[in-house]
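Chain order of the listed sequences is A, B, C and D. For the first sequence, the working numbering gives the first residue as 1, with consecutive numbering after it. For the second sequence, the working numbering gives the first residue as 1, with consecutive numbering after it. For the third sequence, the working numbering gives the first residue as 1, with consecutive numbering after it. For the fourth sequence, the working numbering gives the first residue as 1, with consecutive numbering after it.
Be a bit skeptical, because a hint or two may be false.
In silico PhoX-like pairs for lysine-lysine, Cα to Cα no more than 25 Å straight-line [claimed, not checked]:
| no. | chain 1 | residue 1 | chain 2 | residue 2 |
| --- | --- | --- | --- | --- |
| 1 | C | Lys65 | C | Lys55 |
| 2 | A | Lys195 | A | Lys516 |
| 3 | A | Lys516 | D | Lys56 |
| 4 | C | Lys23 | D | Lys205 |
| 5 | A | Lys475 | D | Lys205 |
| 6 | D | Lys214 | A | Lys483 |
| 7 | D | Lys238 | B | Lys112 |
| 8 | A | Lys124 | D | Lys146 |
| 9 | A | Lys300 | A | Lys326 |
| 10 | D | Lys238 | C | Lys23 |
| 11 | C | Lys108 | D | Lys214 |
| 12 | A | Lys229 | D | Lys16 |
| 13 | D | Lys56 | A | Lys475 |
If you want a taste of the chain D side facing chain C, the calculated C-beta under 7 Å gives, among others [as the list claims (entries may be wrong)]:
| no. | residue |
| --- | --- |
| 14 | Thr179 |
| 15 | Asn212 |
| 16 | Lys214 |
| 17 | Trp218 |
Hints in this document: simulated from the structure, not taken from any laboratory. Being a predicted model, the structure only gives us computed values, none of them experimental. All residues carry an ideal CB built from backbone N, CA and C; glycine is no exception.
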Amino acid sequence: MTSENHVETTVVDGVHHHQYDIVIIGAGGAGMRAAIEAGPGAKTAVISKLYPTRSHTGAAQGGMAAALANVEEDSWEWHTFDTIKGGDYLVDQDAAEILAKEAIDAVIDLENMGLPFNRTPDGKIDQRRFGGHTRDHGKAPVRRACYAADRTGHMILQTLFQNCVKLGIEFYNEYYALDLVMTEVDAGDGTTRQKPSGVVAYELATGELHVFQAKAVIFATGGFGKIYKTTSNAHTLTGDGVGIVWRKGLPLEDMEFFQFHPTGLAGLGILLTEGARGEGAILRNASGERFMERYAPTIKDLAPRDIVARCMVQEVAEGRGAGPDKDYVLLDCTHLGAEVLETKLPDITEFARTYLGVDPVYEPVPVMPTAHYAMGGIPTNVKAEVLSDNTTVVPGLYAAGECACVSVHGSNRLGTNSLLDINVFGKRAGRNAVEYVNSGVDFTPLPDDPAGDVRRLLEVLRDSNGTERIAAIRKELQDEMDKGAQVFRTSESLDHVAEVIAGLRDRYRNIAVQDKGKRFNTDLLEAVELGFLLDLAEVVVASARNREESRGGHMRDDFPNRDDEKFMQHTMAYLSGDAHSSVASDHIRLDWKPVTITRYQPMERKY
Amino acid sequence: MSATTTRTPIAPEKPATHKPGGTLYRGREGMWSWVLHRITGVAIFFFLLVHILDTALVRVSPEAYNAVIGTYQTPIMGLGEVALVGAIVFHAFNGLRVILVDFWSWATRNQKVLFYIVIALWVVTMLGFVPRHLMNVFSH
Amino acid sequence: MTVIESPRTPARPAPKRGVNLEKWGWIYMRASGVVLVVLVFGHLFVNLMVGEGVKAIDFGFVGGKWADPFWQWWDVLMLWLALIHGANGMRTIVSDYTNPGTVQRILKGALLLSTIVLLVLGTLVVFTFDPCPAGSPAELLPSFCPAA
Amino acid sequence: MTTATLETTSTDAATKSFTVTFLIRRFDPEVDAEPRWQDFDVEMYATDRVLDALHKIKWEQDGSLTFRRSCAHGICGSDAMRINGRNRLACKTLIKDLDITKPIYVEAIKGLPLEKDLVVDMEPFFASYREVQPFLQASSAPVAGKERVQSVAERARFDDTTKCILCAACTSSCPVFWTDGQYFGPAAIVNAHRFIFDSRDEEAKVRLDILNDKEGVWRCRTTFNCTDACPRGIEVTKAIAEVKQAILRGTP
Ligand SMILES: Cc1cc2nc3c(=O)[nH]c(=O)nc-3n(C[C@H](O)[C@H](O)[C@H](O)COP(=O)(O)OP(=O)(O)OC[C@H]3O[C@@H](n4cnc5c(N)ncnc54)[C@H](O)[C@@H]3O)c2cc1C
Ligand code: HEM
Ligand code: SF4
Ligand code: F3S
Ligand code: FES
Chain A
1 MTSENHVETT VVDGVHHHQY DIVIIGAGGA GMRAAIEAGP GAKTAVISKL YPTRSHTGAA
61 QGGMAAALAN VEEDSWEWHT FDTIKGGDYL VDQDAAEILA KEAIDAVIDL ENMGLPFNRT
121 PDGKIDQRRF GGHTRDHGKA PVRRACYAAD RTGHMILQTL FQNCVKLGIE FYNEYYALDL
181 VMTEVDAGDG TTRQKPSGVV AYELATGELH VFQAKAVIFA TGGFGKIYKT TSNAHTLTGD
241 GVGIVWRKGL PLEDMEFFQF HPTGLAGLGI LLTEGARGEG AILRNASGER FMERYAPTIK
301 DLAPRDIVAR CMVQEVAEGR GAGPDKDYVL LDCTHLGAEV LETKLPDITE FARTYLGVDP
361 VYEPVPVMPT AHYAMGGIPT NVKAEVLSDN TTVVPGLYAA GECACVSVHG SNRLGTNSLL
421 DINVFGKRAG RNAVEYVNSG VDFTPLPDDP AGDVRRLLEV LRDSNGTERI AAIRKELQDE
481 MDKGAQVFRT SESLDHVAEV IAGLRDRYRN IAVQDKGKRF NTDLLEAVEL GFLLDLAEVV
541 VASARNREES RGGHMRDDFP NRDDEKFMQH TMAYLSGDAH SSVASDHIRL DWKPVTITRY
601 QPMERKY
Chain B
1 MSATTTRTPI APEKPATHKP GGTLYRGREG MWSWVLHRIT GVAIFFFLLV HILDTALVRV
61 SPEAYNAVIG TYQTPIMGLG EVALVGAIVF HAFNGLRVIL VDFWSWATRN QKVLFYIVIA
121 LWVVTMLGFV PRHLMNVFSH
Chain C
1 MTVIESPRTP ARPAPKRGVN LEKWGWIYMR ASGVVLVVLV FGHLFVNLMV GEGVKAIDFG
61 FVGGKWADPF WQWWDVLMLW LALIHGANGM RTIVSDYTNP GTVQRILKGA LLLSTIVLLV
121 LGTLVVFTFD PCPAGSPAEL LPSFCPAA
Chain D
1 MTTATLETTS TDAATKSFTV TFLIRRFDPE VDAEPRWQDF DVEMYATDRV LDALHKIKWE
61 QDGSLTFRRS CAHGICGSDA MRINGRNRLA CKTLIKDLDI TKPIYVEAIK GLPLEKDLVV
121 DMEPFFASYR EVQPFLQASS APVAGKERVQ SVAERARFDD TTKCILCAAC TSSCPVFWTD
181 GQYFGPAAIV NAHRFIFDSR DEEAKVRLDI LNDKEGVWRC RTTFNCTDAC PRGIEVTKAI
241 AEVKQAILRG TP
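Whenever a hint applies, use it, and build me the whole structure from the sequences.
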């Protein structure tokens with residue numbers, strides 16, 4: 001609480017104005033990791049629609065990968081290879097190398113900040129197995145995931161928050177960023193270009209608008225799993241940040257690749273970490289068969305998620321599902337013993353008990369794939385700088401974490417690589433932003449009435465007295481996405497979803513916001529969030545329709561093979577034309593971006 | 001050294017203004033034992049104030065003391081004494097429970113069991129005391 | 001243009017006035033509590049259970065007890081421990097349910113004052129007590145008095 | 001509108017729905033002078049959570065009902081509220097565990113300023129948290145590029161209190177906290193405990209000093225409401241007792 005930090009806030013026409021060197025949107029793992037770098041170096045504010053500790057990073061369970069080699073031989077090269085292979089070679093290999101190399105420091109940083117990792121008998125950070133992580137390029141599973149019981153994400157989130165408290169980072173909690181302000185500036189070569197000049201946020205408590213003028217803006221708003229019905233994601237993961245960037249006309253990369261985690265509690269989607277299988281749990285079908293032996297003979301249940309999820313759905317589709325409706329498979333932990341479950345997997349043990357009434361110590365747990373992680377998002381380079389096309393950097397704009405696409409995950413993220421991603425690239429975003437704002441750049445002037453768009457958007461929604469319920473539209477979107485754009489997709493199913501979405505976009509214009517008040521109007525915000533969900537679902541489906549091959553998280557029943565010839569490239573989706581038309585083809589333009597390959601040539605992916 | 005936030009600055013010198021009411025909190029053994037401990041503590045305290053004053057009358061004269069202490073021997077006061085002893089016994093036993101809970105982790109974990117032990121001991125003690133005391137009070 | 005003051009959460013004022021008595025109060029409550037169990041139960045037993053119980057209490061009974069320094073010390077110790085214990089407990093309760101301010105100060109002052117007065121009074125009574133005051137009716141006095 | 005397949009195909013008797021009445025304590029600061037109780041009838045399944053009921057009300061009956069929530073499975077700490085008179089997370093309270101023959105009472109947690117319906121101002125809560133210096137303070141530089149060494153036993157010493165999700169269920173169930181809101185509260189003590197007993201930390205004394213305050217641990221009257229309320233199963237009162245003893249000893 002030092003006085004040189006003193007902020008002057010001014011109010012113009014009811015809109016509050018703030019000025020910061022760096023504004024970070026999102027206080028999850030990526031946002032706070034960036035803040036820890038940025039805070040000491042520049043005047044920084046973190047805007048978050050949730051209290052920082054409510055962010056969904058806290059839900060992550062299993063671990064964070066780093067080739068520390070604390071318990072067995074390991075190397076960051078192997079980690080790089082696994083990441084690339086896990087991502088079905090759609091990974092940008094320069095980024096994957098950075099991820100794997102900087103992983104070690106990232107884990108050590110966290111430990112030094114206080115994170116209570118589980119320990120080995122000699123007091124070092126303990127490590128466990130995880131899907132797709134292998135020794136020596138696929139020979140056998142390796143212990144690479146650093147963990148704290150099954151609460152790794154919780155510990156990361158708490159530790160980062162604790163360090164933000166230590167550093168006195170300024171948080172604007174329960175502020176919803178709703179717009180990125182771009183200003184037309186002279187590009188220096190006679191043309192003009194768009195440059196970020198600030199952020200517009202809505203203060204939930206009062207209903208007032210705030211404009212944060214900033215030299216650099218970092219997006220760290222997390223994923224958008226709520227486009228699906230069955231998901232491990234929080235209610236608040238509605239992809240606002242990705243949506244904002246999209247609406248600004250910036251591209252989105254690889255949106256068709258969504259990860260379905262094999263082991264969500266059946267019917268609920270609450271996650272049971274892959275760490276369970278890392279500790280030895282086994283997937284079984286109705287007859288008790290360990291079916292993964294058939295599909296991935298070497299690493300069996302520890303195959304990457306896309307493969308396991310697909311096998312599970314196939315088992316159920318072929319009638320070998322368990323339960324009265326034969327619609328799930330079983331995760332068998334009974335042989336692990338109460339001791340391992342209580343000490344290494346206490347939380348998921350409790351989830352199964354609480355929400356299904358099933359005690360994993362004695363009974364196998366019903367599981368089915370659950371929408372989990374968006375591989376795609378805002379395209380960035382390895383410096384976490386946002387790109388406006390395949391190569392052009394938007395100066396002063398950064399993105400990190402699940403909302404970004406570097407792309408280290410390619411078409412399928414390996415378990416434990418995301419907690420790593422948020423730390424490595426969160427740190428990079430923060431550090432590079434500081435470097436940028438301290439390099440002599442000035443504030444970009446704000447346009448007249450920077451909050452105008454948001455104000456109009458909110459006014460329209462608040463005054464809307466339509467007949468459509470927000471929840472009904474959202475539910476239909478989620479149900480349809482689950483049916484048509486989940487683990488298996490076909491052009492038919494995708495066409496159908498696209499049609500449904502078009503209809504829903506029409507209906508969205510006629511919604512009713514019942515709460516007309518200013519204070520804590522969550523009804524209004526749900527309407528705004530639904531808008532983002534519809535936008536993003538539309539991009540996901542359009543991108544998926546366009547990729548006529550099967551790769552990683554994107555499995556086309558009608559094109560079951562990987563097609564490197566045509567599709568060994570990233571999808572880039574651009575908003576063009578009429579943003580508000582219901583028909584996707586009117587305003588989505590799809591393009592490609594080459595994959596960076598440094599040392600591993602694409603091979604067939606077998607485990 | 002603290003994270004700052006821009007929402008709702010609180011002025012800690014002034015207690016938060018609470019909206020009234022809501023339902024009664026349904027605490028368990030721990031809370032109700034504390035409520036009883038507090039009530040009995042206050043009751044005993046006020047009795048003690050009076051008791052010191054009346055006992056001090058011994059310094060005035062035997063007559064004065066006997067007059068006042070005589071009122072302790074009426075049936076009504078006799079019942080009051082039952083209540084007083086009940087309060088003291090609960091407060092004492094529960095006080096010991098609190099001390100155990102403070103210093104012994106087994107007791108911290110098993111405070112509910114200890115609460116029922118306190119109740120049981122209270123019943124036993126009162127069974128020993130009440131008949132005897134009432135016989136004294138109501139004899140002749 | 002209105003200028004709003006920097007909105008910040010003020011830190012809790014840390015008024016560390018003088019020695020921190022809370023810890024010692026807490027310890028005292030427990031230490032005195034343990035001793036009081038013996039003292040109070042002994043007191044109650046002797047006064048209410050033995051013989052005719054409450055019916056037997058009169059000037060003579062008290063005089064009989066306080067002729068013995070053992071009971072003198074017993075009662076004085078009980079007086080001090082219990083009164084301070086109770087007063088400190090009451091102080092906690094007053095702090096809990098009143099806000100810092102005049103009312104709280106008055107209540108705490110009253111507690112302090114009454115405690116001191118009663119401690120002094122009680123102690124004096126026990127130690128300056130004359131079990132055989134001259135001129136009192138003999139039947140009221142303890143049996144060992146020359147008058148009795 | 002399509003219905004989920006689960007509802008239409010399942011014949012299992014256990015998945016039968018029934019009507020549950022919720023009595024919710026509403027307060028809209030822009031309209032109400034005082035909070036008021038409002039009742040809602042909701043179709044629920046036994047395995048539904050109270051959070052599902054709140055969502056059904058918000059999404060199907062009254063969009064203005066306001067509450068916080070995010071993860072929906074008990075790890076983010078957004079939705080602590082008083083359910084049938086006890087502090088619970090709405091997302092961890094299943095209908096089958098409640099007596100549905102009577103209305104289910106839902107109201108905001110107690111002791112923090114009420115903002116709207118089930119939402120309270122959490123700032124005083126976080127202010128107390130920040131005051132106990134809830135972050136690792138170790139002056140010794142670790143070997144560059146290496147972790148600090150900590151034995152399994154040392155790590156286990158403070159495991160329980162690392163689980164805290166800062167939901168405030170404990171602090172707002174504490175009768176001492178209700179009295180004037182000045183007591184640090186169990187959550188702050190839990191988070192101090194997490195560092196006081198971390199073998200890597202060097203500033204335990206400072207935190208013990210902070211908690212040896214007029215508003216510190218000594219205000220705890222061991223009422224155990226906090227322990228009963230904690231959705232993470234943290235032995236809160238035990239942690240407080242350990243801090244008290246550390247203060248008495250003068251060292252952790
Ligand atoms: C159940 C589960 C388990 C997982 N387990 C693992 C694991 O074991 N290992 C692993 O590596 N990965 C795991 N993951 C993935 C990983 O946890 C996430 O991808 C990662 O935590 C995302 O972090 P983030 O910082 O990008 O986003 P989040 O933590 O989701 O944070 C998003 C932040 O953005 C803010 N925000 C969003 N919109 C707005 C807006 N409009 N305005 C202002 N702020 C906004 C939110 O308030 C929040 O603070 C798991 C994920 C889930 C769901
Ligand atoms: C007989 C043996 C007694 C024991 C073992 C005992 C024990 C205790 C203990 C341990 C406490 C602290 C409670 C806490 O911190 O939560 C306490 C509080 C208290 N005691 Fe006693 N006590 C005894 C007798 C008395 C007497 C004789 C009085 C009255 C004069 C009394 C009045 C109080 C009061 C007013 C409190 C405060 C209650 C509160 O803060 O809730 N106690 N007692
Ligand atoms: S100790 Fe438990 S109840 Fe208290 S804030 Fe932490 S998790 Fe919530
Ligand atoms: S509820 Fe309060 S009184 Fe102590 S035991 Fe818990 S902090
Ligand atoms: S919604 Fe996250 S704890 Fe209940």
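Results of checking the hints against the structure:
no., hint, result
1, Lys65/C - Lys55/C, "holds (16 Å)"
2, Lys195/A - Lys516/A, "violated (35 Å)"
3, Lys516/A - Lys56/D, "holds (19 Å)"
4, Lys23/C - Lys205/D, "holds (15 Å)"
5, Lys475/A - Lys205/D, "violated (53 Å)"
6, Lys214/D - Lys483/A, "violated (59 Å)"
7, Lys238/D - Lys112/B, "holds (14 Å)"
8, Lys124/A - Lys146/D, "holds (9 Å)"
9, Lys300/A - Lys326/A, "holds (22 Å)"
10, Lys238/D - Lys23/C, "holds (18 Å)"
11, Lys108/C - Lys214/D, "holds (15 Å)"
12, Lys229/A - Lys16/D, "holds (21 Å)"
13, Lys56/D - Lys475/A, "holds (12 Å)"
14, Thr179, "holds (4 Å)"
15, Asn212, "holds (6 Å)"
16, Lys214, "holds (6 Å)"
17, Trp218, "holds (4 Å)"
Hints 2, 5 and 6 from the list above are not met by this structure, while the remaining hints are.
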